[in-house]
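For what it's worth, the working numbering labels the leading residue of the sequence shown as -6, then goes sequentially.
Any given hint could turn out to be false.
Claimed, not checked - With a straight-line Cα cutoff of 20 Å, these simulated EDC-like cross-link-like pairs (lysine to aspartate or glutamate) come out:
#	residue 1	residue 2
1	K98	D59
2	K88	E77
3	K(-3)	D55
4	K98	D69
5	K96	D45
6	K108	D55
7	K(-3)	E52
8	K98	E67
9	K84	D55
10	K17	D62
11	K98	D35
12	K58	D35
Hints in this document: simulated from the structure, not taken from any laboratory. As the structure is a computational prediction, the values presented were derived from the model and not from experiment.
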Amino acid sequence: MCAKYEGFSAIVYSRLWLLQIFGKLRSEFPDLQIRLVIFATDFPPATLIKLDKGAFELEILDDIKDAKDLDKVECDAYLASSFEVLSRGVKSLLKGITEKRVKIKNLNALPILGKIMRVF
-6 MCAKYEGFSA IVYSRLWLLQ IFGKLRSEFP DLQIRLVIFA TDFPPATLIK
44 LDKGAFELEI LDDIKDAKDL DKVECDAYLA SSFEVLSRGV KSLLKGITEK
94 RVKIKNLNAL PILGKIMRVF
């Protein structure tokens, strides 16, 4: 594990680290290269996840303080909502999308985000 992250980014890191050491990232995403941003609006800043063929890297986006700033980020997909919505899984995300409590870019990435988020 790594102590260089704090807050929501530390939670993201710890979950992805577990998926990686147990081989789940490699088995679920063997050929995938994607840049995803997850932003818990009540716990800024945003976290950029770079997945590359079963490995991951995180980048803290200190300049992202609000969901409207996400459009400036070079990424394939993003997801922004409160920690409560993000932490309750895919059903909560889908409900949040329909109620406009979740800001999302690229609905095609939702299955990938769902697989990553299932560990939160």
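Pair hint K98 and D69, alpha-carbon separation not exceeding 20 Å: Roughly 8 Å between the alpha carbons, so the hint for K98 and D69 holds.
Take the C-alpha atoms of K88 and E77, compute the straight-line distance between them, and say whether it is at most 20 Å. 12 Å, holds
Keeping to a limit of 20 Å between CA atoms, is the pair of K96 and D45 held or broken? Violated: K96 and D45 sit about 24 Å apart, past 20 Å.
Between K108 and D55, does the CA-CA distance stay at or below 20 Å? Roughly 25 Å between the alpha carbons, so the hint for K108 and D55 is violated.
Hinted pair K98 and D59, Cα distance within 20 Å: This hinted pair holds, its Cα atoms lying about 15 Å apart.
Straight-line alpha-carbon gap K17 to D62, limit 20 Å: 31 Å, violated
Given the hint that K84 pairs with D55, test it: the Cα-Cα distance must not exceed 20 Å. The hint is violated at about 29 Å.
For the pair supplied as a hint, K98 and E67, is the alpha-carbon distance within the 20 Å limit? Within the cut-off at roughly 11 Å; holds.
Pairwise hint evaluation, D55 against K(-3), where the allowed Cα distance is 20 Å at most: Answer holds: K(-3) to D55 is near 14 Å, not above 20 Å.
Restraint status (C-alpha distance of K(-3) to E52 at most 20 Å): 11 Å, holds
Within 20 Å, alpha carbon to alpha carbon, are K58 and D35? 9 Å, holds
Compare the distance between the alpha carbons of K98 and D35 with 20 Å, and conclude whether the hinted pair is satisfied. 19 Å, holds
In summary, the numbered hints that this structure violates are 5, 6, 9, 10.
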